[in-house]
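Please build the complete structure, drawing on both the sequences and the hints.
Here's the letter readout for the chains.
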Amino acid sequence: MSFALANTIGAVFAAPVRWLAASIDAPLRLWQRLTGKGGMIAFFLMPNMIVFGTFVIIPLFINFAYSVTGGNELFLTDRSFVGTQHFDRLLTCDNHFDPSSCRDDLFWTAVWNTARFVVVQVTTIAIVAMGTALILNSKIPARGFWRAVFFFPVLLSPVVVGLIWRWILQRQGLLNFVMIEMDLTPVNWLIERDWAFVAAVGVSVWAHVGFYALILLAGLQAIPRDLYEAAEMDGTRPARVFFRITLPLLWPNLLVVIVLALIRAVQIFDEVYVLTGGGPGTSTLYLTQYIYEIGFASILRNPGLASAASLMMGGVLIVLTLGQLGLQRWRDRA
Amino acid sequence: MSRIATFLTRRRGDGGRWHWTDVVTWLWLGAGLILMFGPAIWLVLSSFKTPAQLAEFPPTILPYVSETVAVTLNGETRNLPLYDVILSDGSADQLAELRRVGTVAQMIDPADPETVIKVPITDRRPVREVGFAWDNYLKPLEAFNFGQYLYNSVFVTVTATIITLITNSMAAFALSKYEFRGRNAVLLIIVATLMIPLSVNLVPLYSVISTLGLQNTLWGVILPTVATPTGVFLLRQYMLTIPDELIEAARMDKASEWQIYYRIVLPLTAPALAVLAIFSVVWRWNDFLWPLIVLSRKELFTLQVGLNTFAGELNVQWHYILAMTVATMIPVVIVFVFLQRFITTGIAGTGLK
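Chains as they are written, first to last, in our numbering: chain A, 1 to 334; chain B, 1 to 353.
Bear in mind the hints are in silico, worked out from the structure with no lab data behind them. Careful: at least some of the hints might be erroneous.
Which stretches of chain A does chain B cover? Using the computed rule of at least three CB atoms under 8 Å from a CB of chain B, they are [as the list claims (entries may be wrong)]:
no.: 1; stretch: 11-18
no.: 2; stretch: 167-180
no.: 3; stretch: 269-275
no.: 4; stretch: 299-308
no.: 5; stretch: 320-329
Since the model is a prediction, treat every value here as computed from it, not as a measurement. The beta carbon of each residue, even a glycine, is placed where N, CA and C say it ideally should be.
See below:
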């Protein structure tokens with residue numbers, strides 16, 4: 001889009017904003033005279049903080065209250081205190097590695113499914129994003145076009161992603177047709193447990209890898225050119241250049257990418273839910289879907305249990321996010 | 001042609017020989033092109049196929065429609081499907097199908113509709129040409145609430161984006177241009193909310209929404225999404241680069257603080273506002289889990305929730321599901337085509353998603 005067009009669009013938006021803003025200037029001037037600068041600061045912060053408070057901070061406290069109260073009533077005043085009952089139910093296992101030995105076998109199925117998904121998906125994303133970024137950073141014609149190619153699925157909605165792939169992966173779908181053409185045995189992608197896992201990982205990598213490749217590409221482009229020129233003059237082999245220059249200097253960005261991907265993978269829900277619905281059986285049931293089903297969808301609705309599970313997931317996410325913030329600070333200083 | 005050939009065979013360096021890294025590069029790019037665009041193109045092509053064609057295996061690439069012919073029979077004009085038929089004497093002909101009984105079809109020659117010819121169905125193939133089954137798109141728009149879903153999605157997206165831009169820019173202004181006690185505390189609270197994604201707060205957030213009477217309203221979908229910590233940070237970082245001298249000069253000229261915000265700082269923040277606006281539009285358009293929880297009345301569904309429900313209810317009617325998936329994808333594709341450059345540089349610059 002040309003900048004002239006952008007300016008025109010901007011001007012069209014700006015006119016009514018200006019008019020509206022000007023119309024409330026007089027009362028705000030009065031407010032400023034009465035309360036001084038402090039009153040104005042409060043006024044600027046108020047809308048955002050009210051929304052934050054109402055929809056993030058207060059719910060967080062309610063979350064703790066829910067996790068120690070029982071029943072399926074929604075309003076806290078109707079709920080009775082049950083102490084750590086929900087946490088006991090979630091955490092009691094003869095053997096934590098075997099979901100069927102747990103009091104809440106579905107929760108541990110979801111935990112281990114999620115763990116397996118996170119490890120495989122994040123590793124795949126890191127490798128594919130790295131390869132894509134390296135190739136996009138090399139001397140190729142029409143680099144902007146290729147960057148757009150890998151970025152395209154990132155914008156698609158999870159529902160669209162899920163449905164596109166449900167169509168392609170079905171028994172008589174395009175992928176099985178291509179496999180038959182290549183003399184491979186067709187596979188019931190969404191019906192066999194292990195293949196459904198492969199499909200869930202593959203589809204989520206497809207949908208997100210472009211985003212991470214872009215971050216890595218930005219990191220690659222920030223590496224000073226003269227380092228490579230010096231290496232070339234010394235006749236250093238490409239593999240050595242990669243391990244001695246590229247990788248060490250890209251490492252902070254790669255770590256940020258891995259942590260960001262971890263945070264998102266732990267919460268995986270939308271596209272897999274549309275693709276497999278958690279099935280076949282419970283083979284692609286992940287934590288967020290567990291929380292959703294226990295909290296809202298199932299006939300055995302138990303908001304307290306869902307809250308307890310989501311707090312435990314929240315704990316993992318807080319550790320990961322703190323790691324991400326620390327890493328980003330370290331990267332930006334380095 | 002030769003210029004395209006040189007373009008396509010251009011190698012790393014100048015005129016050097018093909019290196020194995022060139023091969024890897026082009027294989028990777030080629031695979032990327034097919035894998036990233038292929039599924040979406042396959043979706044669009046499939047969405048124009050008739051149900052009968054969708055059930056075909058092996059599938060055809062392009063959508064076809066069967067040709068029909070108008071035949072007047074006993075004073076009644078009917079449209080009958082046309083077939084290429086191999087007759088029992090070995091000759092080929094084009095006949096219209098009157099009816100089918102088991103494995104035998106009763107067929108007639110359009111030129112001579114009185115004589116019925118019996119043909120085994122294995123000896124005939126439908127006459128067809130490339131064409132689009134527009135009904136896939138038109139029927140769901142009439143029979144299901146897709147117009148309503150579209151309206152709901154647009155309303156949620158536009159309203160949420162406007163509120164996001166206003167509240168986030170006001171907060172960012174206060175946090176970047178004023179020194180006050182508790183500023184760091186406010187910043188810390190905003191950072192803290194980064195750690196509490198929606199999926200952790202689902203149950204209590206729903207109880208807050210219910211207490212406020214917002215369950216089953218579009219506002220219940222909109223409000224929890226507008227206070228994005230990333231938005232506040234993005235705008236604050238940008239506003240920090242605006243020189244304070246501008247603001248001091250405006251104060252000398254007796255500008256009110258509100259005027260400083262909307263006449264000086266806001267226009268200078270336009271590029272960052274544009275990035276946030278684009279992201280907000282894509283986020284809100286694609287939101288799924290939260291609308292799925294808040295909305296249970298069909299007439300309030302957003303496009304994403306409607307599409308998912310629709311796909312669940314019509315498990316076998318893929319021709320409708322595919323068409324509606326394409327329709328849901330169109331706005332995002334438009335954003336992609338026109339604003340892709342803004343978004344990719346935005347991500348590279350801010351790490352926002």
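How the hints compare with the structure:
For the stretch 11-18 of chain A, the stated coverage by chain B is satisfied: 3 residues place a CB nearer than 8 Å to a CB of that chain, which reaches the threshold of 3. Chain B is given as covering the stretch 167-180 of chain A, and this holds because 6 residues of the stretch bring a CB closer than 8 Å to a CB of that chain, at least three being needed. Using a Cβ-Cβ cut-off of 8 Å, 3 residues of the stretch 269-275 of chain A lie near chain B, which meets the minimum of three, so the contact claim holds. Three residues within the 8 Å Cβ limit are the bar, and the stretch 299-308 of chain A against chain B gives 3, so the coverage statement holds.
By the rule of at least three residues with a Cβ nearer than 8 Å to a Cβ of chain B, the coverage given for the stretch 320-329 of chain A holds, with 4 such residues.
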